[in-house]
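Quick note on numbering: the sequence shown equals residues 39 to 289 in my numbering.
Treat the hints with caution; some may be incorrect.
Per label pair, the in silico range of CB-to-CB distance [to be verified]:
id : residue 1 : residue 2 : range
1  : Ala195    : Lys159    : 14 to 22 Å
2  : Glu110    : Arg187    : 34 to 42 Å
3  : Ala148    : Lys171    : 34 to 42 Å
Calculated directly from the structure, the hints in this document are not laboratory data. Remember, it's a predicted structure, so these values are computed and weren't measured experimentally. Glycine included, C-beta positions come from ideal geometry on N, C-alpha and C.
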Amino acid sequence: MRQCLSGGGRERSTMLASRECRGALEVLRDSTLYDCRCKRGMKKELQCLQNYWSIHMGLTEGEEFYETSPYEPIHFSEEFRHASIISDSSLSRMSPCSEAGKPCNPCLDAAKSCNLNETCKRLRSAYNSICSKATPPQPTLANQEPCSRKRCQKACAERRRHTIVPSCSHQERTRPSCLELRANCRSDALCRSRLADYHMNCRPTPHSVTSCPNEHFHGCLMAYVGLIGGQELRRESVRPSIETSHTTPAS
39 MRQCLSGGGR ERSTMLASRE CRGALEVLRD STLYDCRCKR GMKKELQCLQ NYWSIHMGLT
99 EGEEFYETSP YEPIHFSEEF RHASIISDSS LSRMSPCSEA GKPCNPCLDA AKSCNLNETC
159 KRLRSAYNSI CSKATPPQPT LANQEPCSRK RCQKACAERR RHTIVPSCSH QERTRPSCLE
219 LRANCRSDAL CRSRLADYHM NCRPTPHSVT SCPNEHFHGC LMAYVGLIGG QELRRESVRP
279 SIETSHTTPA S
């Protein structure tokens, strides 16, 4: 099978058209390996993804634009391991922690994770310095809030923008097209997997209230966060902010 997928372009197409390779693909299609999926964050995630695409590449080469996600479906309990990125905090209060019997604080967990990253700490400090400033008293306002919500929201949006699209990610004189980025992404197992996961969980559908597949907007949010830092989001640097329907990461 590795020989069938070796090379590129016309050479690979010729190999896949051979009788031996077509036979190998048919065997894989009927094998239990065909239905195997990778678990997010597993110890050998990259190796698992590489194995997945070595099996599926010949079956999907040149077919639909959207590919099936190589990851296992997101179960409800997994969402609370990512509580720091889920915007609907009411859901967190409705369900216990992922590890029964153990106390947990999603906000504290997120803060601890941020403390391990210098960039996250710097952006958080800049955000806090703006949001913690008191608003000058206005005699005409009876119930005045202690801080300027508009100013704080602007700082939050700026912090999020720098987190998703840092200035160093779009310094090139000429930006590649979306198709070039997609072609480059498909050559990398991890990027290809994250993009396929995003398409599968976030592609708008008219058959749901939230426009997310199976009303699973938390799955879309997690898939979107998986793209952050990857080359597929670099095209978004021309926008003042990044928006995804129902899935904008929380401040």
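Each hint, compared with the structure:
Checking the proposed 14 to 22 Å range against Ala195 and Lys159 shows it holds: the Cβ atoms sit about 19 Å from each other. The hinted range of 34 to 42 Å is satisfied by Glu110 and Arg187, whose Cβ atoms lie roughly 40 Å apart. Judged by the Cβ atoms, the range 34 to 42 Å given for Ala148 and Lys171 is violated: they are separated by roughly 23 Å.
This entry does not satisfy hint 3, going by the numbered hints stated previously; all others are met.
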